[in-house]
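**Q** Residue numbers (this note's numbering), protein chains in the order written: chain A, 1 to 253; chain B, 254 to 704; chain C, 705 to 1042; chain D, 1043 to 1420.
Some clues are possibly wrong.
[Claimed, not checked] Under the rule of at most 25 Å between Cα atoms (straight-line distance), these lysine to any residue pairs were calculated in the SDA-like manner:
(1) B:Lys570 / C:Thr756
(2) C:Lys768 / B:Lys548
(3) B:Lys588 / C:Phe774
(4) B:Lys548 / C:Ala870
(5) B:Lys543 / C:Ala707
(6) B:Lys481 / C:Ile1010
(7) D:Lys1247 / A:Ala126
Don't read these hints as lab results, they were simulated from the structure.
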Amino acid sequence: MSKYSTTHRVTPVTRAGSDPAFFSCWDIHSYYGESYIVQGVSFDVREGEVLALLGRNGAGKTSTLRSIARVDSPQVTHGEIWLDHKPLHSMKSHEAAQNGVALVPEDRRIIAGMTVEENLILSQIAPPIGWSIERIYDHFPRLAERRAQEATTLSGGEQQMLAVARALARDIKLLLLDEPYEGLAPVIVHEIERIVDGIKKLGITTIIVEQNAVAALRLADRAIILDMGQVVFDGLAQEVLDNEDLRQQYLAI
Amino acid sequence: MSDDKSKTSELSRRGFIKVGAAALTAANMPMFFVKDAWAAKDFRNNPGNAGSVKFGFNVPQTGAYADEGADELRAYKLAVKHINGEGDGGMLNTMKPLTLKGNGILGKKLEYVTGDTQTKSDAARASAKRMIEKDGVVMITGGSSSGVAVAVQGLCQEMGVIFMAGLTHSNDTTGKDKRRYGFRHFFNAYMSGKALGPVLKEEMGTDRKAYHLTADYTWGWTQEESIKNTTEALGWQTTAAVKTPVGAGDFSQYITPVLNSGADVLILNHYGKDMINSLTQAVQFGLRDKQVNGKNFEIVVPLFSRLMAQGAGENIKGILGTTNWNWSLQDEGSKAFVKSFGQEYGFPPSMAAHTCYVQALLYANAVEQAGTFYPPEVIKTLEGFKFDGMGNGPTEYRAEDHQCFKDVLVVRGNQNPTSQFDLLQVQKIVPRSEVEYDAKIFGGELGPYEV
Amino acid sequence: MDAIFLQILNGLDKGGAYALIALGLTLVFGTLGVVNFAHGALFMLGAFCAITLEKILTISMKVKDESITFFDAYKEQPYLEIWFGDFGTTIIDWSVPISILLAIPVMLLIGLVMERGLIKHFYKRPHAEQILVTFGLAIVLQEIVKSFFGANPIPSPAPEIFSGSAPIGVLLGLGESVVYPWWRLIYLLFSGIIIFAVFAFLQFTTFGMVVRAGMHDRETVGLLGINVEHRFTIVFGIAAVVAGLAGVMYAPILPPDYHMGMDFLVLSFVVVVVGGMGSLGGAVAAGFLLGILQSFASMNEVKAIIPGIDQIIIYLVAVVIILVRPRGLMGRKGVMED
Amino acid sequence: MNMPLLKNDWVIMAIFTVAVLTAPLWLTPVGAGYPDLMQKFAIFGIFAIGFNLLFGLTGYLSFGHAVFLGVGSYTAVWSFKLLTMNVLPAVIFSILLAGVFAVVIGYLSLRRSGIYFSILTLAFAQMSYNLAYSVLTPLTNGETGLQLTMDDPRVLDGPVGQGLPSTQLFGIEMSGYNGFYFCAVMLILGFFISLRIFRSPFGLKLLAIKSNQTRMKYTGFNTRPYLLTAFVISGMYAGLAGSLMAVTDPLAGAERMQWTASGEVVLMTILGGAGTLFGPLFGAGIIKYFENIFSAMNDGRLHEIFAFLPDWLENIVVAITGEFVGEGWHLTLGLLFMIVVIFLPGGVVEGIRRASAYVKGIFQSSGDKDVALSAEKE
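With the rest of the complex left out, here is chain A (with noise of 0.2 Å):
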């Protein structure tokens, strides 16, 4: 198991369900097919807290936030995931959702062949329901703009938003953001960058996935690093963006 154990391995302080943390796993372990991605990560988050999960590609971040959306691959073969008292890793995805859990994936995945509306109405099928819709075009007045427009034809700054949107549509414990600002122009990173910022002061508990690490960093309260499918650092934002072996050695910055 731990054949990549490196110097930085932070145990894990905390069990999962033996600590009242809002969010927690613990040691989970995730395959895609035969190749092992997930190797045993642990880690907490507070209520309210943004916190940022770092590392190279291919460490294993994307697939961290699938296991605890519960889709389907990779599949959890071990570990522990908590969120506020219910234990999501005895869940389908469905069900996660249904729990509070959205997951806003890197390529935003936005349903073809339907309007924004259709894609926003899509959102408040299932329980518990979130912003009104009305809400949300007031809130994000492109969508408003669009809102009959096919949705895959919007720009990719649009589709994120949508994306958001879509997430904040439900009423969620636990927002997981994967990669927001990926192959987005700098102007519009800002414009999702001040959205993401308004989620966090509404104090929904976030964790974000980014390339961009300064730009999570600023966001986030603490960051995580992960290597090989391992934490390798798990510690307060600022910490990151002061030890600079650290983000050379993981993160290449």
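Fit chains B, C and D to the known structure of chain A by using the hints.
**A** Using the frame of chain A, we list chains B, C and D on its own:
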């Protein structure tokens, strides 16, 4: 070599055997196969001193003709019983001349093996080979299509085992593809045409325009040709003859052109499922209610069977066709067979059952008469064999082509059936003399007695 | 001209049947991602719903034919006729349309049981294994039907009043010789209604919206808290019902036998693929297109130029379309391309 | 199959050769030790091995492979009719012509992948079948099948005596056991080539294509020539199998090209275990065994088999088993397909592997069950 042909004489006859090759074979051959081979007399599957012999019943058990195959098998089992002296004896009581004694064949108890032809040549041949190579049968019989019959007949010729064909209506079976080791009790397309001719003339006159829909394969072609020859001789015109793919399912695209073709008779050269579908759909298109050229539009189905009539239901009523045999025949042989079949199974036999039953009896009788299972002698006995009391009046197995000649039935779908089995009404029994023809017209060669 | 008009009708009619079968097949492909070789068997089971109902309705009082002693020959009269007279006769006459009422619950149940009991476990298995298991299921289903009903086709006529042909030539001013069977017109209408109903259901209901979304991106729909699997089970049931109804209504055109599903299977796959994997509209368009082309290729005039073209037209068109358009008429990228 | 001994190809070949050549001995107790069925085992074994080279290695599921079987058969029979009854030219021409067909069909079909590829191959095969059955009757003799006749020219052979000549290999007649041994030698050769391909860099490339075609394309690697080569090799195997069918029984029918025939080899391969060396052989054997032995059982035969039971029990057992044999053999086959896929994903070979791992587990450790489990995981 010797193991598969079971005969030594062949080695010299073929003359191209090399000593080394024979040695190789012998070395490869498991011992237990050699044992019987050399002890045997000189033909394949010689029962020798064994107390029993086996027939191979090769019938379609799966696929579209499985019901026909099931009926064939019932008839065969009945034949085995009767030959072994069990049951009421069936046609053994009516067959003349009769050599069988009701104690098996030449004193040997008759047993049987079964196989599934799947109505595919390859599967039928594989099944027949199993019967010959593994089960050691002395005769193979059965089948329900001409393709299968020709394929198995060819195999039986090569392997030196007699084949009594089941349902096969193509002229080729005893024409260009005839074989010394194959015999056919069923009638053929040519005879259907000959038999239908006078009835068509009587019913529909001589001024008709016929439209053919023909299954696009060899049987369909021979039937179309035979019927065309007959009707054109009557003075009918042939408006069109359209080939349809086998298993087309929906024939509507072939039927609509008939509507405006000016034809007043539709001739369906289809068999089995194709016939059931094309007839059902032709009736749906209102062809039977149509008036063309001041005459009632008519549909003719040259080859009928009771199972097909069942499948077509109401649509068959009043339709003319020919059939090899029907259970309502009142001759002694037919009555005896229908009675024992009915008592055994609770319903009347189909023409497939009749054909197969008779074939099994005829072979057994020929062996008994020849006093040996040696195929060339049995073949010689069957060739030109004349008999009566097995339905359809006096019958002959013609020596030149192994085709059976007997009366042919022209039937009509029954308008008012008296029971659930009373589907076909015999319109006319066409005497044998009217359907006979010269064996040379279809060519082919029987091949040798000795193989 | 008349001939061409009739061939178009023939093609539409045939196309309606192809489209109905292909529609269900595509629904299952598109939602569950399962290659369902048992879909033809569902079509066959539908047709046998009609046969079964007819058999039930015509349970008869049997009067033995005393003249024959050695087998069970009887003349029969259905109890319905004895009890209700002409009304009973009419009910029996209408057994094919009535059996739609039987087929809907039965096929739905069969579909749900099939999906929950078997197909469910094969979502993530390789397509080859899906093919093998559903092919095995198709064989088992048809052998069961065979052991109950035999291998011979069983006639199941349409109601008497639809037995003739409609004089559409007179109605449309094309001449008297243009007639078309009532039942085939009804079949065409029926397939149109069913296709429309399925599309309307998918387009205008919330359930349908979820299904459409799920066909595009199952995972994301799950992430929105929707139990997709549960809904897809129902979609499978609907596909079974569509196939079953296609079978029921086809019974008067093609007397059903146990093998009819297998006969349609290959063709319906060709239709689905020509239409493009995962595209419902494509499946329907391809069904009608191939139906019409097949009808025209069967015309004597065409066959005289290219002998045997009616034997291969469907496959030839399939080859051309797939080679010219990589994903069939309206297929989506990445669906069943690996 | 992770016994170290079996890692050595020559050991595999030696065992395989002995097993095939002694087949008459060990197949007889199960009722399959007669020439025709053993020929079929070998022929369909070759067909399935060839199919596996395409499907098992590349993942491309051809649904029209029977067309090459048919082409092989027709070519062989024409060679018997026109040239000589010697089987060598027939086999060679069949393989070559099947190869030519495979180049054309493969070139076109491989422009697409996934189910589009499958349907393209299916369409080519169905067109060939429909034409061979009807329009091409002068070439194929349609429904009846292409047969030898007395007046065939056979330019290389002298005039024949009475009756139709037999196929022969320099004088050795190719029916019965000789035919089987000829097919067996071809099977051994075919298996050897397949083994070499599995182990070769070419085979590994094919496997790489199977696991990730898109990635290989991105890296600028042109997969098409590799796929086409695999397709043609596999078509030639089918051509060989088709010619052997004609060698052991000089007749060629159109049904050999029907989709059901193509489907059969697909089922054989999946049933045995696609992508494994031995799987297709097992699959071919099982299906042919069912077709020939199970279909031939009837009530009489069942009564013989169960004669050891008390009468009342015998009747019940015969009544029940009777539903699954004879005319019910399709039902058994269908159930078998389902059972194998449900319980043994990966086919019969997977089943054998699991069983052997389980047995090993029992022998290696009394008490430590983890060994068996870990063996399974490997």
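**Q** Evaluate each hint against the coordinates.
**A** Here is what the structure says about each hint:
For the proposed pair Lys570 of chain B and Thr756 of chain C, the alpha carbon gap of about 24 Å is at most 25 Å, so the pair holds. About 40 Å separates the Cα atoms of Lys768 of chain C and Lys548 of chain B, which puts this hinted pair outside 25 Å; it is violated. Straight-line distance between C-alpha atoms of Lys588 of chain B and Phe774 of chain C comes to about 11 Å, which keeps the hinted pair within the 25 Å bound. Pair hint Lys548 of chain B plus Ala870 of chain C holds up; C-alpha atoms about 21 Å apart against a cutoff of 25 Å.
Among the hinted pairs, Lys543 of chain B with Ala707 of chain C is consistent with the structure: their alpha-carbon atoms are about 17 Å apart, no more than 25 Å. Note on Lys481 of chain B and Ile1010 of chain C: the hinted pairing holds, with a Cα-Cα distance of about 24 Å set against a maximum of 25 Å. Our distance criterion of 25 Å between C-alpha atoms is broken by Lys1247 of chain D and Ala126 of chain A, whose separation comes to about 47 Å.
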